[in-house]
Amino acid sequence: MILKLALRNLWGAGVRTWLNAIVLSLSFFTIIWSQGVYHGMQVDATRNMIAMELGGGQYRHPDWDPYDPLTLPEAHGAIPAPLQKLIVADKAVALLLAQGTIYPDGRPQAVLLKGIAPEQQILELPPIAPAAQPGQIPVMIGREMSESLELGVGELLTLRWRDHTGAFDAREFLITTVFSSSVPTIDRGHIWLRLADLQVMLSAPGIATLVVVSPEMTGTQLETDWVFRSQDYLLADLRAMVRSKSAGAAIMYALLLFLALIAVFDTQVLSLFRRRREMGTLMALGLTRGALIRLFTLEGALHGVLAGLLALVYGWPIVYWTAVTGFALPQASQDFQFAIGDRLYPVYTLELVLVTTLLVLVTVTIVSYLPTRRISHLNPVDALRGRRS
Amino acid sequence: MTAEPVIVINGVSRLYPVSSGSFAALSDIELTIAAGEFSGLVGPSGSGKTTLLNLIGSLDAPTSGEIIVLGQKVQELDARGAARLRRDQLGFIFQTYNLLPVYTVFENVEFPLLLLQMERQKRRDAVMDILERVGLADRAGSRPAQLSGGECQRVAIARAMVKHPSLVLADEPTANLDADNSHRILQTMLTLNRDLGTTFLFATHDDKVIQYLRRVIVLFDGRIAQDEVRDETAVSAGTPGGYF
Ligand SMILES: Nc1ncnc2c1ncn2[C@@H]1O[C@H](COP(=O)(O)OP(=O)(O)O)[C@@H](O)[C@H]1O
Ligand SMILES: [Mg+2]
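So the sequence lines, in the order shown, correspond to chains B and Y.
The first sequence maps to residues 106 to 494 in this note's numbering.
The second sequence maps to residues 289 to 532 in this note's numbering.
Note that these hints are calculated values from the structure, not bench results.
Just so you know, nobody snuck in bad clues.
Derived, one-sided and incomplete: chain Y residues facing chain B with beta-carbon distance under 7 Å:
id, residue
1, 342
2, 347
3, 371
4, 374
5, 375
6, 390
7, 402
8, 403
When the alpha-carbon atoms are kept at most 20 Å apart in a straight line, the in silico EDC-like pairs for lysine to aspartate or glutamate are as follows:
id, chain 1, residue 1, chain 2, residue 2
9, B, 196, B, 337
10, B, 109, Y, 395
11, Y, 496, Y, 468
12, Y, 410, Y, 395
13, Y, 496, Y, 439
14, B, 109, Y, 407
Some but not every residue of chain B turned toward chain Y, in silico, with C-beta under 10 Å:
id, residue
15, 109
16, 114
17, 115
18, 116
19, 119
20, 382
21, 383
22, 385
23, 389
24, 390
25, 393
26, 394
27, 395
28, 396
29, 484
30, 490
Since this is a predicted model, take the numbers as computed values, not measurements.
Quick reminder that beta carbons are idealized off the backbone N, C-alpha and C, glycines included.
Model the full assembly from the supplied sequences, consistent with the hints where possible.
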């Protein structure tokens with residue numbers, strides 16, 4: 106019954122109701138949409154990183170610290186037997202890492218050399234095409250690297266490195282492959298070589314720095330002295346990064362929601378002020394103060410419901426369309442350092458929608474209730490005279 | 289029906305605090321209203337009519353004394369009980385109509401029945417029946433802003449009457465109406481009083497109302513100055529007021 110009355114009042118209030126509902130629905134939609142975008146980024150980046158870099162987890166040489174390049178010269182050794190077995194069974198791939206220096210425009214620039222078996226199937230990397238002439242060593246670089254060096258397929262690249270004994274060596278390499286990937290951490294500052302070539306260059310055959318297992322191996326852990334880092338562990342950084350980005354966005358939609366809530370609050374205060382006589386009449390007709398409070402609170406809270414419906418009407422097509430077809434990211438978002446593709450597909454979870462709906466409804470109900478509490482001091486005689494108590 | 293009175297008022301006073309102590313809007317009121325009466329509190333502005341009507345309607349509480357409405361001691365009711373009494377038994381008619389502006393005529397009149405949780409079809413029938421009686425059945429879909437003052441007050445009467453209350457309290461119902469409309473409204477109420485046995489208590493200083501009253505209770509400075517029951521012939525002949 107109260108609901109019916111509240112709906113009638115809301116409907117009767119016309120333009121004001123709609124304005125409030127529109128502002129509320131905008132913040133509602135913005136929250137869902139932006140969170141969907143960030144979630145989509147995470148899903149996409151996670152998928153790409155697993156496919157191209159992390160696989161189902163890594164076994165690392167115990168001396169290797171990925172955050173300290175100075176450990177690299179020591180951080181390799183013979184592949185432990187259980188891992189070797191996996192590699193033979195096509196369930197893992199060995200990577201050898203070393204430091205090198207290139208000289209674009211004559212200036213030295215440190216690069217990371219990565220050796221990988223060209224025939225591997227574990228990571229979604231193209232095979233490094235062989236060089237046409239014998240004696241040339243083929244290398245592969247990413248698109249970004251290629252653009253920044255202004256070097257493409259068929260061009261030569263001078264590289265200097267230290268071998269196993271610490272002696273410097275330098276020579277020219279032939280770029281045979283340029284790959285494009287959405288994972289910046291395997292592109293920027295990386296030079297990919299065939300594992301065997303790099304082992305020869307370091308004059309240390311049979312060694313590796315880490316072994317990446319295939320995604321289907323996620324969850325199993327082998328007995329070895331190499332340090333196991335699970336997929337979850339490796340993705341933690343990414344997740345933290347997405348969290349901090351989406352927390353930044355949260356400030357924006359908290360502001361929007363705040364504005365909308367102020368509008369609803371204002372409407373409530375105003376109607377309590379203007380509708381005193383109406384309240385007195387309702388009490389004379391037999392409504393209790395409690396019912397009056399419920400009625401006015403519900404009236405305010407229904408703005409939230411209306412906003413939800415409104416957001417559904419214009420938001421659903423947008424949400425659906427972008428989720429299915431994705432949308433092209435503007436150039437600036439490349440700075441995100443996420444492993445996201447050219448098109449972003451927002452991912453909207455049921456949880457996201459439910460939590461957001463609840464958030465909007467609860468906050469709207471609270472701001473509707475706050476001014477309404479004053480009704481409990483209302484004296485029907487004063488209210489009927491239109492006086493303020 | 290039994291002879292039990294609709295309103296019993298014993299030694300009721302209502303004091304308002306003012307800067308110089310307290311002001312007695314009503315002093316030591318003794319009054320009994322029987323079922324089916326068509327009576328009025330008559331007196332100049334400020335004599336305490338509205339105050340007494342509000343006390344009877346359980347919208348306000350007396351400073352001292354006892355008020356019994358339809359067998360219930362009003363002071364003993366809590367807020368919920370008072371609201372229930374108003375919802376179930378009382379009808380209010382105000383000088384300013386106090387219709388709900390966003391509702392249609394139909395919805396305004398339907399409102400008390402919604403509070404009573406009456407079912408839809410019964411509600412519809414009751415609303416249309418009472419709108420018929422006040423001559424506004426064809427305006428059911430209009431909003432108060434589209435009606436004249438007389439029509440608004442007839443809607444208010446319909447709203448007060450639709451649940452067939454035992455007692456209707458009408459505070460200056462004709463104050464904003466011209467002579468024609470005043471007479472129509474009083475005729476309507478008199479008819480409802482006869483047909484349904486509803487007890488009416490007015491507060492007024494309007495001669496046009498006074499001539500319809502069967503009992504005139506004169507208030508002056510918060511006291512009952514005169515209480516006169518008039519016979520049927522005097523009423524229908526339209527005896528003028530002249531009480532103050
Ligand atoms: N809330 C109040 N506070 C102080 N005085 C009041 C209040 N309400 C009414 N009064 C006074 O009580 C007296 C009776 O008022 P009221 O019952 O409205 O008279 P009437 O309806 O006969 O014109 C008036 O003098 C009025 O000023
Ligand atoms: Mg008055």
